[in-house]
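Sequences listed follow chains A and B, in order. Be aware that the first sequence starts at 0, since it is given in numbering that gives the first Met the number 0, and climbs by one per residue. Be aware that the second sequence starts at 0, since it is given in numbering that gives the first Met the number 0, and climbs by one per residue.
Keep in mind the hints are simulated off the structure, nothing from the lab. Incorrect hints may have been included.
Short derived list, chain B residues pointing at chain A, Cβ under 8 angstroms [said to hold, decoys possible]: (1) 31; (2) 101; (3) 136; (4) 138; (5) 148; (6) 184; (7) 233; (8) 310; (9) 327; (10) 349; (11) 350; (12) 356; (13) 430.
This structure is a prediction, so every number in the text was calculated from the model and none was measured. Glycine included, each C-beta is placed from N, C-alpha and C at the ideal position.
Protein chains: 2
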Amino acid sequence: MDWKPIKTKQLPLYKQIISYLESRILNGEYPPGSRLPSERQLANQLKVNRSTVKIAFEELQSTGLITSVIGVGRVVNESVYGNHLKRLPNWDKYVKEGHKTNHPLNQQIYQYIRCSNSIINFAIGELSPDLIPMELLCNINPFDMESHLGYENIQGNLALRESISSYMKEYKSIKSTTSSILITSGAHQALHLIIRCLLKSGDSIAIGDPSYDYSMPIFHSAGINTHLLPVGNEGINPEDITTLYKKHRIKMVFIHPNYQDPTGIVLDLEQKKAIINICTKYGIVIVEEDPYSIMGYTSKSNSALKALDSKGVVLYVSSLSNLIASGLRIGWISGPQAVIDLLTDVKQQIDFGQSVIPQLMATKLLNSNQFNEHINNLIKGLEIKRDLTIKLLKRELGEEILFSVPEGGIHLWCKFSHEINELLLFKESIKNGVVFTPGTTLGSKPNHLRFTYSGVNTNQIENGIRRFVEAYKSAKKLS
Amino acid sequence: MDWKPIKTKQLPLYKQIISYLESRILNGEYPPGSRLPSERQLANQLKVNRSTVKIAFEELQSTGLITSVIGVGRVVNESVYGNHLKRLPNWDKYVKEGHKTNHPLNQQIYQYIRCSNSIINFAIGELSPDLIPMELLCNINPFDMESHLGYENIQGNLALRESISSYMKEYKSIKSTTSSILITSGAHQALHLIIRCLLKSGDSIAIGDPSYDYSMPIFHSAGINTHLLPVGNEGINPEDITTLYKKHRIKMVFIHPNYQDPTGIVLDLEQKKAIINICTKYGIVIVEEDPYSIMGYTSKSNSALKALDSKGVVLYVSSLSNLIASGLRIGWISGPQAVIDLLTDVKQQIDFGQSVIPQLMATKLLNSNQFNEHINNLIKGLEIKRDLTIKLLKRELGEEILFSVPEGGIHLWCKFSHEINELLLFKESIKNGVVFTPGTTLGSKPNHLRFTYSGVNTNQIENGIRRFVEAYKSAKKLS
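Chain A extracted, bound-state conformation (with noise of 0.2 angstroms):
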């Protein structure tokens, strides 16, 4: 909700609350015969005192606009309009029959984001303010009087898929011509464009045990059968891929090969060699997950596997996100031709393809003879993030916490050495003002966190451990 009162105005809070809710009642926002949000929610939404609206509900009840039904809330009223509106569409029906949500914690992380500006985000994979290209961004003008602002390239923008099959070429050896690379809202809605398109609602495939895809309600909502590939300190096994196929008869491999999301791990290049190998011989499809390869602090090189595939196994995915900034809404996916076609034709069909206007901003930003140095900036920033962060988790919890130091990317992944009540721990950081990624909605070993440390300013990173703490120490306490 993004009303609140004012709490100087003569208007009385509660008056104000019954005001908005009955003209969102009368909008048809909240139809006959739905549910309100709870007293508490609701006081929490509008950052009031819940007797405050129990007031203004108590009010609206007078009125017969709303009516309290046991065991479900407040509802408004469906005998307002007069019996025969009992038909109404059943909205609660319709929803619940819809998609599977995000979980639960996962949904709690959007809400108290969004609803907060002091509060420090270790939860989401993004950069912070210090590492985007502000001043780089501000001076490029996107267009000018000749542009064409009409519907772009649904492929994509040509010269931003050039951009990006030289930036393929120059940091991660990929070969690709401009015709196999699909631009889409961020890597997100490339997986989601492969997994309902390629995929069919029974079919079996294999995310990594933890992984960024093992929280993604996507592949349930298609009614794919997710089966676990373990991720560890050794990396994958590749042989683990071929038990899970003949076990499932997976049909793709969700693999994200360097700074694995959330573990920092890198394949190395015989793991690498052997998962095509493999998936060559059984016709497994591999979709690459490639959002910071080339944010290694080391000087080491990493391999995509794309670039080891030449008989096309692979359907590639990355972005700009994590690059130049997740606000752009700028990702890809590079593979074969009858895939990127047919990709096409159905995001035509469902968004009519990207903005063009950052489209022409990240086009000229790639193309910027600063361009370069900002990936230097960006990687030196991250190593110094992820330095301080990991100095004071171990000043502060010593041995209670264990990690893997990563060598590139932007997230932590923490073990504890003993058992811990998770969701305890995350109520109260976000009491706290910090928010984290629980270990649980990654993977299916319990007492693990993530923290990305990319998404926050480093001159906040002190204050925002110093938080976590303090909320792991309460915790601690009171379980």
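Fit chain B to the known structure of chain A by using the hints.
Leaving out everything else, chain B in the frame of chain A:
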């Protein structure tokens, strides 16, 4: 295919083509076993003679990289890499099992438009460069150093939702709060989200006949049964909805009440009220598509269904595509809170929200004190285009082509006074450098076509109609 051989280069064309195809095969863009484009397709795409492509294919075949399969065409050789690779992912199968693709004629339209700058395009519903407020847009700085370019609120930038809420109130008398608005990638994505999240396979709905919805494969991709609701010169007969409900238990009806696409029809107030009453009575959801209800050329005001609905039976879908520029990719849906919450969650899963940059630009434009002037210019500009199109068609074709004159919007729906060979007319038009929307893609009745005059610069309309008339005459001769 974006690449073209360069005719002046010392290397012969066929050798350039060989090395291009070789690299695409080795990149995995044409994996072993996959089909290459036909000689004719490739010659068309690369703009070379078919004999040149033939030579290139023969050379590639002699190296063993590709092979010729009777009834299939040229395919990449599977055995090049050894027999054990025969179990590579069968992309053809993947692709065929996927979504319903666009109508072949529509696919051709998109392809032609993409390949040719000189084609005059009466087929796509967007604004021509002379209607897009480029000067206004060029003067907008989307952001400054203080802006946040991380992930935007998935529901959409709050300031943009405020501007849209005010816009709906001022221009369409629709009352709403920002919380009940979700920003989408044009109206297209709003419809996609509704279909995917609120309906399930096997559900029945009603769409107009003719209507733009008729051309959209997303209904059938989702397994929805579409039933036709006749749209005639008198609009829609509300009782037809009752009939469809009793016969098929339709769950939703997709209605475009003002300046309908393609007929240009406006439902009168009595029809609108009756539709709302019937849908309220039977619990049928109304999806109101309203891309251009404010673009009336007369002083008549046209109510939105949403403005007449206080019970939340209407999901209102609109966009800035025909108001500012389709390249922005800004649309929205306004409806009951429970629906908006669900669709927001799903949007987060599938694309993580719209790019922040066009959202900031759209906000500034909607709030600009020149916005109203732009709208007035837009309406005047559209009226001029309509008048010119009608005048020329009447002058050139007289009674052979019939239409009702639309009082607003962007389309002219024409009927021939006699039988036409639609495919032939379409092909001849393409040859002549003009494209329109064939009537059978939009409705069940033959001998119609849609001219979308909004997308053509006024100084090109005469040229476009001339090209069309020539195509029409030559198609008549040939059939």
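These are the hints, each one checked on the structure:
no.: 1; hint: 31; result: holds (6 angstroms)
no.: 2; hint: 101; result: holds (6 angstroms)
no.: 3; hint: 136; result: holds (7 angstroms)
no.: 4; hint: 138; result: violated (11 angstroms)
no.: 5; hint: 148; result: holds (4 angstroms)
no.: 6; hint: 184; result: holds (4 angstroms)
no.: 7; hint: 233; result: violated (27 angstroms)
no.: 8; hint: 310; result: holds (6 angstroms)
no.: 9; hint: 327; result: holds (6 angstroms)
no.: 10; hint: 349; result: holds (4 angstroms)
no.: 11; hint: 350; result: holds (4 angstroms)
no.: 12; hint: 356; result: holds (5 angstroms)
no.: 13; hint: 430; result: violated (23 angstroms)
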